[in-house]
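J.: Below are the chains, spelled out letter by letter.
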Amino acid sequence: MSEQLKTLAVWKFASCDGCQLSILDCEDELLTLVGAIRIANFTEASSAVIDGPYDLSLVEGSITTAHDAERIREVRAQSHFLMTIGACATAGGIQALRNFSDVNEFRRIVYARPDYIDTLATSTPIAQHVKVDFELRGCPIDKRQLLETLSAFLNRRKPVIPTESVCTECKRRGNPCVMVIDGTACLGPVTQAGCGAICPAYARGCYGCFGPMESPNTAPLAARLEQLGLDHAAVRRVFRTFNAGAAAFRAEGERHGG
Amino acid sequence: MAVESRTIKVDMLARVEGEGALYVRFRDGALEDVRLTIFEPPRFFEAMLRSRAFGEAPDITARICGICPVAYQMSAVHAMEHAAGMQLGGSIRDLRRLLYCGEWIESHVLHMYMLHAPDFLGLPDAVQLARTHGDLVRQGLRMKKAGNTLIERIGGRAIHPVNVRVGGFWRAPRKDDLQALVPELQWGRDAALRTVQFMATLPMPELEQDYEFVSLRHPGEYPLNEGRIVSSAGLDIAVEDWPQHFEEFQVRHSSALHARIKARGSYLTGPLARYSLNFDRLPAEIQQVARDAGLGTTCRNPFKSIVVRAVETLYAFDEALRIIATYEEPSPSFAPVEPRNVTGHAATEAPRGLLYQSYTVGGDGLIADAHIVPPTSQNQATIERDLWSVAQEGQAMADADLQARCEMSIRNHDPCISCATHFLDLTVERT
Chain A
1 MSEQLKTLAV
11 WKFASCDGCQ
21 LSILDCEDEL
31 LTLVGAIRIA
41 NFTEASSAVI
51 DGPYDLSLVE
61 GSITTAHDAE
71 RIREVRAQSH
81 FLMTIGACAT
91 AGGIQALRNF
101 SDVNEFRRIV
111 YARPDYIDTL
121 ATSTPIAQHV
131 KVDFELRGCP
141 IDKRQLLETL
151 SAFLNRRKPV
161 IPTESVCTEC
171 KRRGNPCVMV
181 IDGTACLGPV
191 TQAGCGAICP
201 AYARGCYGCF
211 GPMESPNTAP
221 LAARLEQLGL
231 DHAAVRRVFR
241 TFNAGAAAFR
251 AEGERHGG
Chain B
1001 MAVESRTIKV
1011 DMLARVEGEG
1021 ALYVRFRDGA
1031 LEDVRLTIFE
1041 PPRFFEAMLR
1051 SRAFGEAPDI
1061 TARICGICPV
1071 AYQMSAVHAM
1081 EHAAGMQLGG
1091 SIRDLRRLLY
1101 CGEWIESHVL
1111 HMYMLHAPDF
1121 LGLPDAVQLA
1131 RTHGDLVRQG
1141 LRMKKAGNTL
1151 IERIGGRAIH
1161 PVNVRVGGFW
1171 RAPRKDDLQA
1181 LVPELQWGRD
1191 AALRTVQFMA
1201 TLPMPELEQD
1211 YEFVSLRHPG
1221 EYPLNEGRIV
1231 SSAGLDIAVE
1241 DWPQHFEEFQ
1251 VRHSSALHAR
1261 IKARGSYLTG
1271 PLARYSLNFD
1281 RLPAEIQQVA
1291 RDAGLGTTCR
1301 NPFKSIVVRA
1311 VETLYAFDEA
1321 LRIIATYEEP
1331 SPSFAPVEPR
1341 NVTGHAATEA
1351 PRGLLYQSYT
1361 VGGDGLIADA
1371 HIVPPTSQNQ
1381 ATIERDLWSV
1391 AQEGQAMADA
1401 DLQARCEMSI
1411 RNHDPCISCA
1421 THFLDLTVER
1431 T
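Protein chains in written order, with our numbering: chain A, 1 to 258; chain B, 1001 to 1431.
Same shape as in the complex, but just chain B:
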């Protein structure tokens, strides 16, 4: 008896950070298996952190990811300060938020212009995009540079910045040095507005997913470094309660651990979740820009994440300008923090979503235990669920088109595979 099988397979996913693969198999016209495989070699950060001094955590964890090192540094320093029972305010808090704005800009613009936009136009990369949309690509590069310059000015360099320490900064950036960035950031804000408008014109595949969104939520601001962990299904917990409500588990096809909400299942973190759970925390003007771009107060179409990223980029430029306008140099530039025989937890909003870390520090100031849960680990199961929907609905498509659609649907979530320590590999099989 003849069984008809069809496989779509991508052994090495392009335009994502890190190494992964995709595998989709149909059998007798029915979708049978979908796998996002992560084959990135494991690097064992949680083990390497044991017996290191607590103050080394921000420099070491930065090396988990070259695209979002600030996110790792921010979760690390806040976890150590939480362990020591401290919460820092004033200029140190503002500077951290400003530094994070730089990373959101750099990472979101990289993803929108160089990794994701080519999908919507059927192109292999931004170099080809530059042939037809030269000014657009140059605008993206200049925006990305503005984000990187902000990180450099505060952090010393764009990748693995050196100025972040537990308690604050090694040296406070001078007011004049930040003021000097204002004209370029103002240009960037205008360019981000044009970016929202452009991304909204891209042809969007229709798809509405019933995600459980998870993000931070802060009483007064769009979340970056602080807040409670909330979800669209009613979860509302302090960050330190993460271990009671979430769990990690291992699947054979991934060197990155998956995560789920206990007794409920997969969820989504990242721009769609942040936006949908915190729309009311955006300034009115940016809310209007989002509405004009066709977004509602929530967004459940993963392909529209590119528009949401543009809205968040606009917010990051806007917030950076707001912080610089009132910035005063903190003196001293850091507070003394000495965690001993305690455990601390923190979660911050990396460009790709919630990044949770916790540390137990011994009486000698050395890390006894470390726990790190990157956003892409948490999103893996949801990315696979999206792939099921996309493959199901795209069954009539030719293999090449279906493969392109599947890859695009993975890129919707801007997976950072080095972070997740998985490898991604795509195969579609039809029988």
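Chain A extracted, bound-state conformation:
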């Protein structure tokens, strides 16, 4: 029976562990899930590891070392379907802030013996290194989206994952627009939906943790942020957080001073 189950592997690169923790956070579904898919390699949860190849690999984290750049190729070679989970794996994550700085300076700030530390000058998404079959956004991912994608994979259908903006979720949730009401800076108009518009529901602006939506119009939003009183550097910081390396956010950040 278990021979017929698809096998799942979970891999970690530079990350906080939060996205793979989302799997264990599916408390109501976890025991059903392990009956539907065979967890073959998930070291955070189990010391039993079954050798590949694997039907599905979930990859968390970004590539920041030469060793990891090699390791992701090995992971790809062992995986029939490879899905990245979260902002680190899909855009380089918060650690992609190094891409705009001198990493040697970073190394010196943190470590007394920087020469012991092996690191690349950049933090890059998985798709920059190997073919990725599907990307799940978010910092962290949304567990409902994770379950939807796993279910779609097991049933050989396309997952239903919206590519529209957070604004549409805000409207559906009935949130008053924080930008209209009190001029709060909000990335909702250019950020992909998926979180459920949590930040505006808590009376703060969206900070873009699901990354840019399809065809985002960042320039008019940036202009509006400046009208609201943000200076150049502040607008740059708004676009440079957890998806700083995503093309549209990177470009808008660069238009605001480096």
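In case anyone wonders, no lab produced these hints; they're calculated from the structure. All C-beta atoms in this analysis are idealised placements derived from N, C-alpha and C, irrespective of residue type, glycine included. Incorrect hints may have been included.
Stated by the list, open to error - Computed footprint of chain B on chain A; a stretch qualifies when at least three of its residues, placed anywhere within it, have a C-beta under 8 angstroms from a C-beta of chain B: (1) 21 to 29; (2) 41 to 49; (3) 61 to 70; (4) 97 to 110; (5) 185 to 193.
To be verified - If we take Cβ atoms under 7 angstroms as the criterion, some of the chain A residues that face chain B in the derived model are: (6) A14; (7) I198; (8) Y202; (9) G205.
Position chain B relative to chain A; hints supplied.
T.: Just chain B, lined up with the frame of chain A:
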């Protein structure tokens, strides 16, 4: 001349957060080397925080750890408020404590049920545990969900909550929304009591260590967000004096810095330390539960940390119910805080132990310097000392058994390697 060597090696430690390895080597029957290696790629948070607005610290530092983001947010906001010379009380203080209770529950239950308990029963994971102890695992999942729900209700989501800000919360949770959690938290408190009783029945390896315990200590309560830093060897300092008494240093086999008390050496932070230094701060009823479970007023057997975690989980459910019973929505939900040209320090009790942060904020409101010392960094040297003891005493064991015992002894301290930014890799070598 024949030299007999024996090596035990685990290249990728399982059921710990992050990437590490273990290496143990015997030579001619004597233990020669023990190393907990951390190979987690460094992410340079302290450097990334420079030139960011002070208000961004809670959101950015949360990303250090997906298991204990609240701990990072709490140390960050308290450090910024300390910098601005403020100490917040009332409902904002209560809500922060309540949010932290949610994280203790979620993190402790994850560790006890899914990562640590399988060790005591010789199983690889909680899925196998569920085959023989289905109700037990379902109970653990439901408790963990109760902790996560508490974080979601206050913070907006369980991992990297969005509602915490310097000065308080973006929006105060409604009284009714918190009241609605009471029945499940009451169930959770009962389940936590059963958890203490169950964990106490697990077969415990004998080991007593002469740790110097370090934790916060508060005049009236079991410590979470406030208190002085105290130790079992008599240290008793204000948090802002951390740099005068502690130091960090780098070892070649770890991308996480180690820490020690100046002129003295390694120490232990976390549940064993908190419990042993603050037993008198637990409610009498919980003290009795701990005694009935076979714990004394201090606990120096690291394997029993699983029982202490269960006691702390019971406390967290109890404290959450106490706070909700008297909660009134703070209005406004945050106080204005504007640190300028100052340095602030804070330490809070993450599930794994003391988490210290300090920031210097410039005249422009941007962070000029950040210093973050996670609990696992501080515990690394002590985890290695435990490994020495365990390997020494377990020399007669077969390799597989000794390896299992060594891995279990690392998990005793619930290391969070992404936090520490190290990687863990285990090798045992016998010559």
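J.: Confirm or reject each hint.
T.: To see whether the hints hold, each was checked on the structure:
Counting residues of the segment 21 to 29 of chain A whose C-beta lies closer than 8 angstroms to any C-beta of chain B gives 6; at least three are required, and the coverage claim holds. Judged by the Cβ-Cβ criterion of 8 angstroms, the segment 41 to 49 of chain A is covered by chain B as claimed, because 7 of its residues qualify and three suffice. With 3 residues having a Cβ less than 8 angstroms from any Cβ of chain B, the segment 61 to 70 of chain A passes the three-residue criterion, so the hint holds. Counting residues of the segment 97 to 110 of chain A whose beta carbon lies closer than 8 angstroms to any beta carbon of chain B gives 9, which reaches the threshold of three, so the coverage claim holds.
Under a criterion of three residues with beta carbons nearer than 8 angstroms to beta carbons of chain B, the stated coverage of the segment 185 to 193 of chain A fails, only 0 such residues being counted. For A14(A), the interface hint holds, the least distance from its beta-carbon to any beta-carbon of chain B being 4 angstroms, beneath 7 angstroms. Residue-level restraint check for I198(A) holds (minimum Cβ-Cβ distance to chain B is 4 angstroms; threshold 7 angstroms). Hint status for Y202(A): holds, given a least beta-carbon distance of 5 angstroms to chain B, under 7 angstroms.
A least Cβ separation of about 10 angstroms between G205(A) and chain B goes past the 7 angstroms threshold, and the interface hint is therefore violated.
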